[in-house]
Each structure stands twice: as C-alpha cells, then as structure tokens.
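Model the placement of chain B on the given structure of chain A, informed by the hints.
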Amino acid sequence: MKRSIAIVEDEAAIRDNYAAAFAREGYSVRTYANRRTATAAFATRLPDLVVIDISLEDEPEGGFELCRTLRNQSAGLPLIFLTARDSELDAVSGLRLGADDFLTKDISLAHLVARVNALFRRVDALTRPADGSGAVQRGSLSLDTERLQATWNGEVVLLSLTEFWIVHALARNPGHVKNRQQLMDAANVVLDDNTITSHIKRIRRKFQAVDPAFDSIHTAYGMGYRWLDPSC
Amino acid sequence: MLIRTRLLLLGLATLALPWAGCQYAREMEASLRAAESEGLRAVAQTIATSLQGRSDLLYRSTGGQGSRAPAGPFDLEPVPLSPEPQLDGRDDDWPRVQRAWRTYGTVPRAAPEPALREVEPVAVLAGTAGRFLFVLLRVRDTGLVLDASDASALDPAAMGDRIWLGFATPRGELDQVFLSGWTTGDLRGRRIVTREFGRAEMADEPRVQGAWVRSPEGWTAELRIPLSMIADRFGVLVDDRARRGGEPRPMGSLAPGDLAPRGRLIAAAPELTSYLTQFAQPGVRIVAASPAGATLAEADALPLIAANSGAQALLSRLYRRFLDRAALAERITETERGRIDRIQAESAAAGRSSSAVFATSDERRMVVAAAAPIRESATGPVLGVLQVAQTADRWLLLRDRALTRLLNLTLLATLLVVGLIAVFGTRLAIRLERLRRASDAALTRDGRVHSAFPDVASKDELGAVARGFSALLERLDGYTSYLRTLAGKLAHEIRTPLTIVRSSLENLGTEPLSAPAREYLQRAREGSDRLGQILQAMGSATRVEEAIEGAEFVDCDLAAVLTGAAHGYSQAFPARRFAVVGAETACPIHAAPDLLLQMLDKLVDNAVDFSPVDSTITFRLVVPADSAQVAVEVDNVGPRLPPGSASRIFESLWQARVDRGDKPHFGLGLYIVRLIARRHGGWAEAEDLPDNSGVRFRVWLRRVVAQM
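So the protein sequences, as listed, match chains A and B.
Residues in the first sequence are numbered consecutively from 3, following my numbering.
Residues in the second sequence are numbered consecutively from 922, following my numbering.
Don't read these hints as lab results, they were simulated from the structure.
Keep in mind it's a predicted model, so treat the numbers as computed, not measured.
Don't take each hint at face value.
[Unchecked claim] Here are the simulated SDA-like cross-link-like pairs (lysine to any residue), alpha carbons at most 20 Å apart as the crow flies:
id : chain 1 : residue 1 : chain 2 : residue 2
1  : A       : K208      : A       : G141
2  : B       : K1410     : B       : I1421
3  : A       : K203      : A       : D231
4  : A       : K208      : B       : E1473
5  : B       : K1410     : A       : S57
6  : B       : K1410     : A       : E61
7  : A       : K4        : A       : D18
8  : A       : K4        : A       : E27
9  : A       : K4        : A       : D126
10 : A       : K4        : A       : A25
11 : A       : K203      : A       : I219
12 : B       : K1410     : B       : A1458
13 : B       : K1410     : B       : R1451
14 : A       : K203      : A       : P176
15 : A       : K203      : A       : R182
16 : B       : K1410     : B       : I1469
17 : A       : K203      : A       : M225
18 : B       : K1410     : B       : G1453
19 : A       : K203      : B       : V1475
20 : A       : K203      : B       : E1467
21 : B       : K1410     : A       : E59
22 : A       : K203      : A       : T221
23 : A       : K203      : B       : H1511
24 : A       : K203      : B       : E1473
25 : A       : K203      : A       : W154
26 : A       : K208      : A       : A171
27 : A       : K203      : B       : I1469
Chain A with its partners taken away, still in its complex shape (with noise of 0.2 Å):
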C-alpha cells in the first residue's frame, strides 16, 4: 500500500511541484489550499505525513493552528513544516508544536524528498524493536540512527531530524571540531550560520531537560563546534 502524504500549501504551482515530486517517489500525495479544507479531509482520514506550510490564504499563522489540531488528532503523525519565513521565532513556535522537522522552502526536493523518506524509516523503526544496528554510543549519549533517536542515561532526548543529524555528526567523532558547512552537509539543509547556532542552542537545552549538568558540546570560536567526552 502507498504511503500518503498531505500537502497544506496555499501557493498552487508550489503545491503541485511538490505533489509531482513525491508522486515521482511512488507516494500518494493530497493537497489542500487551506487549514479549512485540510482539516476537513482530516477529520474523516489522516494521511501518513504531512507537510504544512506555515501561511496559508489570510491566515499568517494557519499552520501553527492545523499542527495543534493535528497533534490532537495524532501523537505520532509526522510532521514537516516547510515555510518561506526563516525567523527564528517561526523556528521556535513550529518545533514547540511538536513538528518533527523545520525547513524552508530553500530546500531542494532531492533533500526534502530524502527527508521524508527519512522521516518514514523512523516511524518503521519505531513499530519494531531496537537492535542496536546503526546505534551510537559515546557515554551517556545513545544514538539510534534507524529510529533517528536519541538517548541521554537512557532517556529520550526528542530532536528533530536536523537536530538528531548535527548530534550525529558531532558525536561521531568526539574531540574533532565540524564546521557550521560539515553540520549543514549531515543534516543535508542548506541554513545560515545564525539557525546553526540556534539549533545548537536548542539541542543544547533539550540535553540539559534531560540532565542539567550536560556540557558536551563545546564551541570552538571561530571554527565551529566538539563533542566532548568526559568519559573517553
């Protein structure tokens, strides 16, 4: 059975591109213009993805409000959201809702396409037992690349992609210092040095949700950033 995917995107040539490139992957694609008619089609049925533009028609926020009633819909829905704005705040807002990925609409769709297949392996993953294959582990932090998950003493610490992909990368090889460029390139988004740093600072404080006393990863000035391992 196709996997389907809905896309909420106000722009029409947009929409179809997008609709015409997941197609081309062999995913069954709707679109919707609007939160009204999206949410509408979602209360009878919900598709396995959705991508949600943040502005829809007169509505500058309309994405936030379709994220909220789907996440009371369904937990584990996974949800991207594509948007023209790259504000920080739209960042923050978007996330917080419980979105699985953040991306503007600079992205390729090669990438955003990788990303959805992505997003798809970790929902699979998820419904079968860990065996440990593509897992990660540097002291206390576990990473779980098939279920894009990662842990800290056991717990789950809730990245999006991004997130999980530039932890990855740093973790990887503890000690060695990645460039912004090298975090973009593993978490395959093309995003300015200030988002990087956001994300940084936001990975940094979901660690430290988890543990306070977390501190490992160290920013090298002027060249980028370190996992460091107490215990190695």
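Leaving out everything else, chain B in the frame of chain A:
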C-alpha cells in the same frame, strides 16, 4: 553676532528716553530763559529811562558835550577797580581787560589801528577806585634808565626815563606832574614850579604816588592820583631815554611840546554807583557803561554760586558735562570785567535793547543780561548803556533738578529693560542651544535617529520648531527603519516565486529532455541558485537583528575568542595568514561569543576580499587602562578606504567594493558589525593604517553590558 548681544544692543535703544528727556528739559529751559530775559529787558529799560538826560549822573566830567562824543584814541576810560590795587609796580592785581588799554608810539596817531596795539611801546590802562585814579603803564624798552641819584632833577644830563601826567584842574588850569626815580620801586611825584624871573624849581607833589619795576619787555609802572585834582582832561606821556642824559623819546597822550592833555578822562559821576545801588537786588548786577561799553559804575549783588554737594552734585555735573556741552557752546563767554559785552554795547549804542545769556569764564556760572540805551532825550543821542544782569542759576538749578531726576529714572528704567532683555536673551539662547544640541545628536554616529526633542511642550515658536523637528525626525526614523527592513521583507516576498521556479526546474529535471534542453535547464538552475544566494544575503541583516535580540550573554575571555577565531580563519582561508596581537593575557568580558564571532566573520570576510593573497590579517586586542571598554582591531593590507566613506561604511546597504561576480554583496556585513558592536555597548569605526598600506577596522565593546 549672538542673539543675546543683539538683544542687548536693542535694549540700549531705551537710552533714547533720557535723550528725549534732555531735549524736553532744554526746551523748558529755553522758554524759561526767554521769559526771564524779557523781564530783565524791561527792568533795564526802566532804569535806563530813569537816567534819560542825566549825563551829570553818568559822567563826573563837567566838560559838557565832550563826554557824549565817542571815546577817541587819547581818551582814557577808567575801569572800576575793586579792591584798590597795591602800588608796587606790578599788574597782577589789575583786572584782565584787554580792550580798555590804550597804546601810544612816538608818532601821534588819531586812531591807532588794532594791529599797532601790540607793537606800540607804551600801553596805558586807567582805573578808578574810590577817590583815586590809578594808571598802569607797560613800556616796551631796552631797559629802565634811572635818574642819577646825586644830581638835580632838573639837570638834563642826570635825567633817566620819566613819566609825565598832564591834566586840567577843576579850576580850569592845565597842570603837569612828573614821576621819576633813582631806584626801582617807589616813584615820587614832583612838579616844576616856575618862580619869579623864570627860575624853575622842583616841588614834591605828595598826592601823586607810584612805583615801577623792570619787566621782561622793559618796565611797568603803577601810579595813583586823587580824582579831585583832575577835571575832564587827562593824559600820560613817557619820556623814554636810551641812556641817562640822552635825547628823550616822548610817547603818550600829551602834546610833546607843552604837555597839554589831548584826551579826556571819561569817568563816572561819583553819585552813579549809589544811584544804581538803589535798584540793586540780591542776585542782580546793574552796570552803567559808556556807549563804547566801558563800565562806568556797577552795583554788583551777584551771589557766588552755591556749591552742590555729594553724589547728587557729581551726577548732575556728569549729566551736564554730557548734555550741556552743545548748549554752552551757544553762549558767549561773559567779557572781562570793566567792559560789557561788545555786541550788547553796540546794539545799545545804536539805540536797541537786547538780552543774552553768558557763562562766566570758568563756566560755573550762568548769567542772563539785558542792555538798554540811556538817551539824552526820548529820541536823542545815546549817552550810555545800562545793563542788568541776573544769575541764571535759579532756573538752571530748576532744570538740573528736573533733569537729574529724569535721568535717574530713565537710567533706572534702561537698566531694568536691559536686565530683563539679558535674562530673556539668555533664556532664548539656552533654549536655542539645547535645540541645536538635540538636532546635532539626532543622527547618532551609527546612523540611528533619536526623535526625542526638548521644548516640544512649549507653546511659542521655538516649541513649534522643536515639534516640527521632532515630527520630521520621527518620519525620518520611520523611513530609515523601513529602508533597513526593506531587504528582509523583499527577500521574504521573493522567496515564494523563487521556490516555484526551483521546484519546477527540479521536476523538469526528472523529465526526459533533449540535450539542448538540459543545458538550458542547467543555466536556469544556476540562475535560480544565484538568486537564492542574493535572497540569503538580503535577509541576513534581519536575521542578525533577530539573533541579536535573543543573544545570550556569558562571561568569556575575549583573548581566547580572538585566538580561537584566528586559528579557525587560518584553516578557512589558507591563502591568508592570521596574526593575533595583545591577546597574551586573558581579557574577561561579559558578551555574546556567538555574536562576536559573527562580527569577526564579517570583518574577516571584508579583510580577505580586499587583501592580496598571502598577506597577513592582524587581530589586535586593545585594552586601555581603567576603561570600561576594550577594542578589537582587524588590520589588512590593501587599498585605502574610499574618501569620505569612513563614517558611511557601516551603514546598511552601503558598499564600495567592485562586485567580483562570485558572491553577491549588499554591504550588510559591516552593518552587522555595527549592530553587534552596539549590542555590546560600543561602536565600530574604520580608518586607513598610519602608513596608508591598508585599512584598520576597530570595534569598541563594553566589558560589562546590561542584559536586554
């Protein structure tokens, strides 16, 4: 000129008030004077009329008609002397009366021309005091020749200079007395008496006395003779000898042969003074004079001026000094004693009465005088002149008092006005200065606009100006912030169509296409990528502003940040060398390291773009002693700053670099530097290196910044 100074000068215009007051006081004085003059003229006319036809009261002479004829060159008009001069030969106790002198030379002249007066050797001045006639002689001579002491006065060989007096006696006989001496000092009066058989004999005349002394020009002599000896004719003659016993050179008003007097003695009748005195009042002087103006008699009751005292006097004298000068110049100085004013005398001699104001020679006393002719009969010839003079002090005092008061008041008013204007002007100047400072500071060094203006609440024109400025600056602020955010907004708006283009191109790439179509597709992709980079750059300022808002400040070591950054850059830009100066010791600072790094990124981007390959980019940490600020300098060799760009280089969207085509530039890099510097309580500046080999960027940062 400062506004305050101009206002003060304007305030000085109130000095016109005292000026106007002075004009008024002067007019008042003039009208008072006119009334006074008129009254005085009437008085003079009355007294003159009472003397009409009384030549016996006027002149002592019994010579009849002779007295009334105008004085000739040989006529002597004695001046009244008071007090009686001392008989010492000196003229220092005689009044200075230039016009009463008679001069004589060797050649008798009917009318000596004025030019001769100075050069003719003998000058005679007559005066009366009580019962005596006094004669003062000034003789221009090579020397005083004295008689031989042991010889007879009649011996011609023993004779020196000799003074002869010739006169008619009351009995109608002619008489002569001479004076000579063998010493200077006292002179003896003697006469030659012819005895029987024509024998001449010397006889002392003790009633005639005198004295002579040498003077620089020759000698002077003073003589005294009782008026009772003389009728109406009188003359003086000097026998001047070059040496003792020499030939005499006769000079004077006696006929040289028989020594008969050739002129008259025009003296006042003895009763005249007492007659005039009956009209005298305090403060009034009555003078009777000959038609030529020589005083015959006077009743003088003019008081000495009462000396003012204290500050009042000082002030009024000061005012008078300033304001009366012109008025004084109009007045004629009162003539010397013994003569009345010539113009008045002439007009009286012509039969007209007149009045005038005089100042005494010391200018301390003002006198108003009226003169009227004394006639023989109602229409007859003029016998003499009667002058009535009155001190003008009375109305002068009145005017002075009014003037002083007026001046004091107006000066006080002027001071008050000037003071008020000074206060007002100062206040105005302060407000203007405040406005000026506010307008100077309205555009800050980093290009922000402060629209807060002082004085906007005040209701006057300055307040309106301030409000106008404030409104203008608010609009300007709005405009600049619109410009600042325009790039970000534009980037956002363009992003959606760009996404359409990109995603369409990507979808197109999956379709089967001909080889040329693929090529076109590739070009379109490259173009849209470029466009994407441009958008990225355009929006970066806005994103940085947002990042700055949310920046976290921590305690860190600026030296470590700089060292680490330099290390990072040397990997990122292998074609440049990076050096760090001044970072050997730790420099603790409370800052946002992420922002500082971004700032350094922009500075290094800029430095790399402008510096040649393999050159060194130098980071320098400048820590001034006891300063709350530190500076980070980034030097690079390369071209100098474009002229005039040092202050504008940090503005948004300003760029001087030549686009190299590889990467879009919007002049946002240095603007971001400025934003970050400002967030750290500092500012950014740029300058050429001292040796002009390149450019230095300097960013000042506060060591401790308050959290936003």
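A quick look at each hint next to the structure:
| no. | hint | result |
| --- | --- | --- |
| 1 | A:K208 - A:G141 | 17 Å, holds |
| 2 | B:K1410 - B:I1421 | 18 Å, holds |
| 3 | A:K203 - A:D231 | 18 Å, holds |
| 4 | A:K208 - B:E1473 | 16 Å, holds |
| 5 | B:K1410 - A:S57 | 15 Å, holds |
| 6 | B:K1410 - A:E61 | 18 Å, holds |
| 7 | A:K4 - A:D18 | 19 Å, holds |
| 8 | A:K4 - A:E27 | 10 Å, holds |
| 9 | A:K4 - A:D126 | 14 Å, holds |
| 10 | A:K4 - A:A25 | 10 Å, holds |
| 11 | A:K203 - A:I219 | 10 Å, holds |
| 12 | B:K1410 - B:A1458 | 12 Å, holds |
| 13 | B:K1410 - B:R1451 | 18 Å, holds |
| 14 | A:K203 - A:P176 | 18 Å, holds |
| 15 | A:K203 - A:R182 | 13 Å, holds |
| 16 | B:K1410 - B:I1469 | 18 Å, holds |
| 17 | A:K203 - A:M225 | 16 Å, holds |
| 18 | B:K1410 - B:G1453 | 14 Å, holds |
| 19 | A:K203 - B:V1475 | 13 Å, holds |
| 20 | A:K203 - B:E1467 | 15 Å, holds |
| 21 | B:K1410 - A:E59 | 18 Å, holds |
| 22 | A:K203 - A:T221 | 11 Å, holds |
| 23 | A:K203 - B:H1511 | 18 Å, holds |
| 24 | A:K203 - B:E1473 | 10 Å, holds |
| 25 | A:K203 - A:W154 | 17 Å, holds |
| 26 | A:K208 - A:A171 | 17 Å, holds |
| 27 | A:K203 - B:I1469 | 14 Å, holds |
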